[in-house]
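Colleague: Chains as they are written, first to last, in the numbering used here: chain A, 1 to 442; chain B, 1 to 473.
For the record, the hints were derived by calculation from the structure and aren't laboratory data.
Bear in mind the structure is a predicted one, so any value in this text is a computation, not a measurement.
Each hint should be verified, as a subset may be incorrect.
[Unchecked claim] Capping the alpha-carbon separation at 16 Å, the derived lysine to aspartate or glutamate pairs in EDC-like fashion look like this:
(1) K400(B) x E300(A)
(2) K100(A) x E31(B)
(3) K95(B) x D3(B)
(4) K100(A) x E341(B)
(5) K100(A) x E440(B)
(6) K400(B) x D74(A)
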Amino acid sequence: MSIATLPDDPQLRERFSELKPPLTPQAATIESNRCLYCFDAPCTSACPTHIDVPGFIKRIASGNLRGSALRILDANILGGSCSRVCPVDVLCEGACVMHKQGRHPIRIAQLQRHAIDAFQAVNGDVPIAPARSRNLRVACIGAGPASLACAAEVCRQGAHASIIERRPLPGGLNTYGVAEYKLRAIESLHEIEMIRRMGVEFRFGAGIESAEDLRELEGEFDFIFLGIGLGAMQQLNVPGEEAEGVMNALELIAGYKTGRIRELAGTVVVIGAGNTAIDAANAARRLGAETVYLLYRRGESDIPAFDFEYEHSKVEGVQFLWRRQPTAIRMDPNGVLLLDTVQVREIDKTLLPIPDSKFTIACHLVVPAIGQSPITDLMRDYCKIEVRDGMIVTDRANGRTTNGRYFAGGDCANGGREVVDAVADGKRSALAMLRIAEAAYV
Amino acid sequence: MSDIRVRGFAGGIDSPNPFWLASAPPTNCGEQIMRAFDAGWGGAVWKTIGEPVTNVSSRYSATDWNGLRIMGFNNIELISDRSIQDNLREMAEVKKRYPYHAVIASLMVASNPEAWHEIVARAEDAGADGLELNFGCPHGMSERGMGSAVGQVPEYTEMITAWVKEKARTPVLVKLTPNITDIRTVARAARRGGADGLSAINTINSITGIDLDTFVPRPDVDGKSSHGGYCGPAVKPIALNLVQQVAADPESVLPLSGIGGIETWRDAAEFILLGCGTVQVCTAVMHYGYRIVEDMAEGLESWMRTKGFGKIDDFRGLSLDRITDWKNLNLNYKIVAHIDEAKCIGCDLCHVACWDGAHQCIHLDRVTGPVNGPIELHSTPSQNEARTRSSIAVTPVTRKERAAASSPRGQYMTPIERIPRVDETECVGCNLCSLVCPVEQCITMVRVDAGLPAETWDERTHGAATATQPHRS
């Protein structure tokens, strides 16, 4: 049975047309031939999953596209989505030695996409060891990138993996949270369909809500991998936050990606300046909002978003209100949403309101985007897993938690990084589980 | 301004510059040649004239390299498919309108004296400034006893050259085929036959490639192919070698028109340094058009001016005495690779090339900070690679992490551990690393004093005989 998918929505596709269209085959050949084929290449080192970048690029140059895709997927089973969502400026492409010669870095992400697109166009399959050839059963909680990578590696090596997901669709933020002009939800699902064909079992609509649920899993599986991501988005903690017309960034993004939100109008204010805030602000623009403000309590040089995301949002027409904080959300008698804000200044790392700087913005939608809250206590309390600063404590080399049967990776263990980091975490955990199982049977 | 004019080449051919179009599709008709002269070409060797042929379609194929088009070019086209009459009428017209440009008639007819006498007379009557005997075409015509079928047999070459010389009043150039074990045997024959000059080289027998879907080699003529003639940038080194062989052989040497992969003034200068008085170009024009001659003429003139050469003869053949037999090379000349750390971009291609393809003396063992004990770890490339593949890397997501990741480490732009180190005591000075290094002037070969006087293999093995000869120093 295939994984459920989403209907193709032409309006969505048009409004969120791809930021970076794919390379034509000849452009890919030319670009691939620019690669110097560095030895022990810095791009490979910089990639958290250590994709053999020169290796896959040279395969494109020679016309061995299937080999190229397999080379990528061998290191990173989500190589397709990573090619679209990775902040390559600070990863592989940032590490490209071409920079040091004053030349444009190799367009690694575009080439990676070229190879994977060709592979997926023919519904290519990753070679796997015979199913059940290893006596190991792994449950992955959450169907985001970390769990997908973990489960795929476990199955690839002939063991069993089940993914347990409370939502109706797999992929986590890959499906529900990435700007559609970078990675479409249906592309994410297509990629996961390939993972399903590797033998990964998916259980949807099954949340792990209680100690009882976990006990059951422990009975059925040898190891449990926690790829549960972060918690709900953080509250603004201002009066009126529950008003209709307040919707957090992840809700907004998931809403438009699944077709529940198709149109916005008027003025939208996004609060926060991380990558998710930028995604939400750009989305609001593309959904039809005439004016989109991004409100940030600090200055331009402090924003946590990547530089290229910030630059992109300017192109999308997002306007910025620096050093301003929300103080209240109100509704005027005519039903217009009002956001009260105040100018702040930073003194000794503390933000102090500037007197008489109150400014009220009449708007249609307020979108808090100030990060996700730390994860639930269930794991800590029941599984005896150490949680520190809202993150599950793991050994980075193998994903092991303080409870030997539990592994963890992705945002819940690294505090919120990129898809590629989650994939690396998931794969390292899988390899560790396989090693332990191997040792146990010797 | 330096003078790039050609005067009295091969006993009487003048042209405004040494750049001639080779006998090929770019010189198929008068209209083309006149446009070429307008573009700046100094001369043209007319597409070979003879009894008209029927050509096939397709005719060309190419070897691309690393995404670049036409590193090498191949054709199975025959000589002119236009009537002798049309070609010669147009030739007369061209000569009338461009009296100071060189128009050379390339000729190929059946191997009997009457046919050659007749065509020579007709071409000269049309106004040709010289004749080029096509003894080189390696495909098609050779199956009919012409082209390289003549050029591969010294006796035939001598005989037909002599027939032509019986009649010719203008200089006669013999175009040599490279498809022979020793090109000098034919060059000598042409000279014995009375040739006034030589053109070298014609195209090289080739099969450029095979279509991996149809299994038919290219070019595909209705499911079959035939070997063709290879030319273009790929053949230049072969052409230079053959030109040198002819130019350095006292029994072969004649005024030379150099041919083979010439695309820029630099290529042309190299042929001239090996003794050529003119050069001929085809593939580059087929790729880019007649306009390339502008830079060829400007570039050559400008280079000559920088070097202080007033005319072409000032540097013609200058490199000939720099080529010798291997046995005369100095065995005690020693160079070692030197890596400029400031220029190194850390691609480490030299490391893997030296380990896998040379002498295992470029190491990735530079370290920062104090070292206890020997640092010559000599890890193999795969050990070095395995180390990085097992490391844990994360995306720098916060501003602080990003700043740390992008800030330079140490005094060089490349981290010291990625800058390879040459073990000079082991380096044999082979040049490989400097050839693979993508950065200009990053790896240079530096002379080291071996503390020994110059000695050649010849001297070493014939020590007694050389004792009386003066020592080079």
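Colleague: Now, for every hint given, state plainly whether the structure supports it.
Modeller: So, going through the hints one by one against the coordinates:
Proposed proximity of K400(B) and E300(A) is supported: the alpha carbons are some 15 Å apart, at most 16 Å. Proposed proximity of K100(A) and E31(B) is contradicted: the alpha carbons are some 50 Å apart, above 16 Å. The hinted pair formed by K95(B) and D3(B) fails the criterion: a straight-line CA distance of about 23 Å is larger than 16 Å. Pair hint K100(A) plus E341(B) holds up; C-alpha atoms about 12 Å apart against a cutoff of 16 Å.
Proposed proximity of K100(A) and E440(B) is supported: the alpha carbons are some 13 Å apart, at most 16 Å. Annotation: proposed proximity of K400(B) to D74(A) is violated, straight-line Cα distance about 32 Å (limit 16 Å).
Of the hints listed earlier, those the structure fails to meet are numbers 2, 3 and 6, in rising order.
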